[in-house]
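A.B. asks: What follows is the residue order along each chain.
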Amino acid sequence: MKQKFDIITSTCVPLPLENVDTDQIIPARFLKATDKNGFGDNLFRDWRYDKEGNPIKSFVLNDPTYGGCILVAGKNFGSGSSREHAAWAIAGYGFRVVISSFFADIHKNNELNNFVLPVVVSEQFLAELFDSINKNPKMEVKVDLPNQTVTNLATGKSEKFEINGYKKYCLMNALDDIDFLLENKDKIEAWEKKQKNA
Amino acid sequence: MNTLFDKIWDKHVVQIVEDGPTQLYIDRLYCHEVTSPQAFAGMRERGLKCFRPDQIVCMPDHNTPTHDQDKPIEDPVSRHQVDTLAKNTADFGLTHFGMMNPKNGIIHVVGPERGLSLPGMTIVCGDSHTSTHGAMGAVAFGIGTSEVEMVMASQCILQSKPKSMRISVNGKLKKGVTAKDVALYIMSKMSTSGATGYFVEYAGSAVKSLSMEGRLTLSNLTIEMGARGGFIAPDEVTFEYLKGREYAPKGADWDKAVEYWKTLKSGDDAVFDKDITFDAADIEPMVTYGTNPGMGMGISQHIPTLDTVDAAGQISYKKSLVYMGFQPGDSLLGKKVDYVFCGSCTNGRIEDFRAFASIVKGRKKAEGVTCWLVPGSWMVDAQIREEGLDKIFEEAGFALRQPGCSACLAMNDDKIPAGKLSVSTSNRNFEGRQGPGARTVLASPLVAAAAAVTGVITDPRTLM
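As they're listed, the protein sequences go chains A and B.
Numbers in the working numbering are just positions in the first sequence, counted from 1, shifted up by 22.
Numbers in the working numbering are just positions in the second sequence, counted from 1, shifted up by 132.
It is worth saying that the hints were derived from the structure and are not from the lab.
A portion of the hints provided could be inaccurate.
[Stated by the list, open to error] Here are the simulated lysine-lysine pairs, DSBU-like style, with alpha carbons at most 35 Å apart:
#: 1; chain 1: A; residue 1: Lys26; chain 2: A; residue 2: Lys97
#: 2; chain 1: A; residue 1: Lys157; chain 2: B; residue 2: Lys143
#: 3; chain 1: A; residue 1: Lys190; chain 2: B; residue 2: Lys235
#: 4; chain 1: B; residue 1: Lys547; chain 2: B; residue 2: Lys235
#: 5; chain 1: B; residue 1: Lys547; chain 2: A; residue 2: Lys218
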């Protein structure tokens, strides 16, 4: 899963629904695996396939008009369960970026920990982006992590997005938090000692 | 500033990373079988041992069947996940309450009832409902599997400090109104994202009047409005509950602990980033009508019409009512119910079964309703039997099942069939949560019991 993130320019997959919860991203019955592989096949399973396992043509992932490694979703994406399987499904399917006007906390961290970049944009930027994709499904979006900008290449409009310096460094250099924590064991032991003496 | 959240959080700060998150020390890590295997695998790949194995407690709960737990699990994939946890905990030297161990149950029921979750602690688990343990006066929150691995490796986690919010509910709760109704009411006002980015302290006379079980229910549901966690400052109710529990401090350690716990409250001068107040008198028994827990209303009310929903949310709103088979403007009273589920980390404690029993006593289960009563743990099961509630259930035509998460998320074989309407005491009414196509109405054990004996959604106050 570790991969360096820099600048990504891609067409988008639009999902203009609000409050997309992690049970929709990956239903609980698919959480029984003991490794991280294969979750992409069941991303949005119950919206994507019918009871017999046939693709539901109207769902965006089954519509050849749309493609690319950027998922654009409505407000409050990833609410509900903390299951990291949702992030594994998004990454496993091939998405590198999710754009929304609002993310649920735990899911946002889970995406970052799997080298998928959650990009928070304004409601207006999001509405215009859905509009641009609707008009031209082949339009592209540029996500520039070093400069923390996201650009709708159809309109040329650009926005800054937030990410803390530490996490940005991790993403750009394919480092994870465990690498960092293991380097800081002495500080942890010092903290424990201080508590014991208190 | 000077909130209880600040006090507990700040005490656990190991360091603040420059232009980055906080490295926070974790007192207790809980693991269940679903969100831990990849973390253990990661530890193996890196050749690591758990840094503080004594602070980690593990048990299976999501996949466990609610019958014949003494036999191997029928579903081979579920069995493999449960067996994997047993093997991992043995390999890494961790405490494990396996299936049929009298200490087994839903992790968020077992932690508090065994005295493993204590005031002032930082507690995490790869499960969003870890917020439950906040009821003990702890900072408890759900994390992802990568973060579980971080805690295994270092007993620390990297997190940005959330903002603080106080939600006060003042006054006296009315007859038939439980902690579940308070939570569903707050969510209906806050929406499922209204507290995202915040840690919530519950306060006010109505909150303080709740039993420990009620407080656990309220804290449990905090995540459903997007907050990382919610907690209640510890008080005599907390201390009384914890005293004598298996893993709680004993003797002189107990006295010392209580002395410290008594200091755990927000200062009179505490400043919250957001301060919200509700009146207990406005709350009636609640039901949900849509596909997220924020879509709730008083049981006597009608489903909001489309014009009350903002433009960007209308597609989701319509989709949700179509899924549920409801119309805007509908009342839920009198709707035919197919399934009733009483259990889960939200409402699977002794008080919930007492409430259920108080309604079904002397009545009979309605024909055509399938009802699953699933205690949250073996300890709850034992309490039910000690109090003779099992006899009341039996006489009314209900059978008690064995402990586990069960129909809350249908990872075992307790699945609600497509299109069927379920009144459930669990925490999520998402599409497909209780089984593909299942329709879920979230409610309190009183509302669930009223549905179970009448066969339709019924105001429990008419049966009290």
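A.B. asks: Give a verdict on every hint.
C.D. replies: Outcome of the hint check:
Straight-line distance between C-alpha atoms of Lys26 of chain A and Lys97 of chain A comes to about 27 Å, which keeps the hinted pair within the 35 Å bound. Of the supplied pair hints, the one linking Lys157 of chain A and Lys143 of chain B is violated, its CA atoms being roughly 53 Å apart against a limit of 35 Å. Straight-line distance between C-alpha atoms of Lys190 of chain A and Lys235 of chain B comes to about 43 Å, which puts the hinted pair past the 35 Å bound. Of the supplied pair hints, the one linking Lys547 of chain B and Lys235 of chain B holds, its CA atoms being roughly 25 Å apart against a limit of 35 Å.
At most 35 Å may separate the alpha-carbon atoms for a hinted pair to count; Lys547 of chain B and Lys218 of chain A exceed this at roughly 48 Å.
Hints 2, 3 and 5 from the earlier list are contradicted by this structure; the remaining hints agree with it.
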